[in-house]
Amino acid sequence: MNSTVRYIAFKPRNVSYYCVILLCLLTMISGGYCAYMMEVSGHIITGMNNHVAWGLPHVFAVGLIVTASGVLNGATCASVLGMEVYKPVARLSVVLASSTLLGGLTVLVLDLGRPDRLLLAFTHHNFGSIFTWNIFLYTGLLLICVVYLWMMMEKRFNRQVTTIGLAALVWRIVLTSGTGAIFGLLTGKNIIDTALMAMLFVVLSLVLGTAALVLVTILLKHWQSTQVDDELQKAFNRMQLLFLLVLGIFSIVYHLINVYARQDLYVPLFTLTGGLTTMFSVVYVLTGLLVPLGITLYLLKKPGGIYKQIASSIMSLTGGFLLLYIVIIGSQNQAKILFPGKTVLASRFGDGGFPAYVPSVWEWGVGLGGVAFSFFIFLLLIRVFALIPESQPSTVSKLI
Amino acid sequence: MSDLAPDPVSCMDADFEHNTKANAARRRFLQRIGVMGVSALTASSLPMNVSRGGSLLAADIGSSAASDEPVSGVSSERRWGLLIDTSKCSAGCDACVRGCHEEHGIGVSGNDHTDAQWIRKIDLEDNDSGETMSLPVMCQHCETAPCVDVCPTGASFKRADGVVLVNKHTCIGCRYCMLACPYKARSYIHEPVTDQLSRAPRGKGTVESCTLCVHRIDDGQNLQPACAVACRKDAHSAIVFGDLNNPDSEISKSIREHDAKQVRADLQLNTAVRYTGL
Amino acid sequence: MTNTIKFVLLLLGLSFTWVSLSGERGPVIPQGKGEVCVADTDFMRRNHMDLLVHQGDDTVIRGLREGPFSMADCVDCHVRHDDQGKPIRIDAEGEFCSTCHEYVAVSIDCFTCHAAVPDAKEPGSAHNNDHESDKNHRHRLAEQP
Ligand code: SF4
Ligand code: SF4
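Chains as they are written, first to last, in numbering that gives the first Met the number 0: chain Z, 0 to 399; chain S, 0 to 277; chain U, 0 to 144.
Mixed in with the good hints there might be a few duds.
A partial selection of chain S residues facing chain Z, derived with a Cβ cut-off under 10 Å [to be verified]:
| id | residue |
| --- | --- |
| 1 | G106 |
| 2 | H112 |
| 3 | Q116 |
| 4 | R119 |
| 5 | G153 |
| 6 | H214 |
What the hints contain is simulated information worked out from the structure, not anything from laboratory work. Note that beta-carbon positions come from the ideal geometry of N, C-alpha and C, so glycine has one too.
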């Protein structure tokens, strides 16, 4: 393959392209309205309460942030590992990562009790808190992405791309582990929990990121022919198979360790905590792991099934978000045991159990608004800058 | 009127000076932008403001004839705590909870899961002996408090005297501390609040928990927390408040005598709230 | 095109100048109780926010509640009462805090948490009648030198 790729701005004229833009805008507006309502009325209108303090918006925020880190893997493969096949999507992967990260951060901020005090998070820190570190990791990655992109686009810096690519690689691994550590570092959890949770998040991010990249490249090609060929999709498929396998292994190990090795007061991964979490555990194993694994395996033997690839990516994405829901909500969705060896007869604060968390429409609005915001920014950026590989007659092959 | 006269000394420390200077600089900056952007007219007022910003301390408060009076306030020599005697606490009684709500102007909407839960009553039955007991649970004012460790802005903090508080001026409402607290002692304010008491500021979007009635502690008249007072009024006297650092205090003696325990001692948080008969 | 924009900008500038020379001379602020504030009016006007932040830190972190710049004292002195003698929120429109803050377009971030009226008097204590004179004491910010 030709190693010099020509980049162009992405300006398709399809009806469906404009429909997607319109849909993004509508979702963003309704998301903004939901956030406004949550700000004015307080979190009372959400499904969150004093038991489940982090609800659906956190799932979306963490999901988007983790996806962003995984999406960057495309650029890593191209500029750090020197894999030629990923070259055409290197820029695209950095842009998609930045916009996804921005969307995730927006949701995170909008869900704060006092979003108006955002600046305060940068002027007052407690460096003992993993959360503080994450604030800097997130904003730092955004910065790195900008520099990364700039160096890719500026001829004279092309040599430094490997260096910044390496920095981005290290940074995003720290970032995803740090995000996992938010949930692994809570009191009562031990070092194994923390390490496992961190690794689980790293793998999950790779699965989510690859799936997002696959979907986006296919969609872009559908709108305007680009230099994204079968080879690349095959490479994506091999990568996804590997990541899914590792994710499966980690999920099982994490679960087993918690169920059998440490029969303590904290929850295993696929805990049955009632409500959606139980259902999600089952659905995650099926749609998030088994079926996509099957499809990617099949595609390995018989490549080229574009719809199968789309289906497996969508399932991996959904499954990944379900897993996040299980980790984030599941750990809060049951009573904490204060008095081991005793049964709670009465408590006004659900010490013996409480109704399961059900997300409200406002939370869905904010979360989906964040997704739409991410995609909108992405479409905007690739429209303005030359980031999409131009199709070259010699290498174009029929995908659809 | 005389009691409202300014006390020139207490506001002269370095912190204040720093604050004022930083703010003066900020205003100066904003003013410059404003001046450049809008009209030269306002520029005439600029030099005056700037000079004032610089000299306001000397001119307006007066140079300090610094008194050497010791400043009162929290001291790490004490560590305040509670001792709860479960044998005196009775199931069905919630005098302490009501006392707390009254003291801090906490309204009850009826939704137990979104209402403030600074202190709650729990009735228990021992799985082996079948023995029942009742006790209140509030913030345990941990020595190594997880909620303090995780707070990104440092709003969740421990005073020198061991009282764990939320500084609502810097809380951004991220609720990480609620996830971190093993006792579920923290409540998030889910709705706008309007009829606060001046001794207990609280408002939507921030997190709160038992303050051990700091405003009473700071009063310096050996006042007891509202829950302890309410419990004694109800003739139970199940809650004792005192200084854990003083081996001769009533609370320290009772803790030794009755071998009082911590809730979830396995977490090694060295809580300041202890229970006898647990 | 650019000339038109310049012209419009000039017009805007002129009208701004005209308004600022001829119009309002500042908000009318209700006066508080007593004769003087805890510090010079001029000083308070410029520094009350820093004083309050400082006092807030002292109170919350260091447990010092005796300082002269306590929020509760501000409210006590500057609150006004309606015809039934009920206190009006100090951040309500036309009241002490909001008059100025609206004029300078700075939002107040105090009274989402702090009480905006004095605590109700304990039953038995004498009723507070100071509000009678409140309405008669008004003064103009701009008239102060
Ligand atoms: S009981 Fe909870 S809120 Fe209180 S100090 Fe311990 S961790 Fe913090
Ligand atoms: S909710 Fe407030 S006190 Fe709790 S961790 Fe977040 S900023 Fe700190």
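In rising order, the numbers of the hints this structure does not comply with: Violated: hints 1 and 6.
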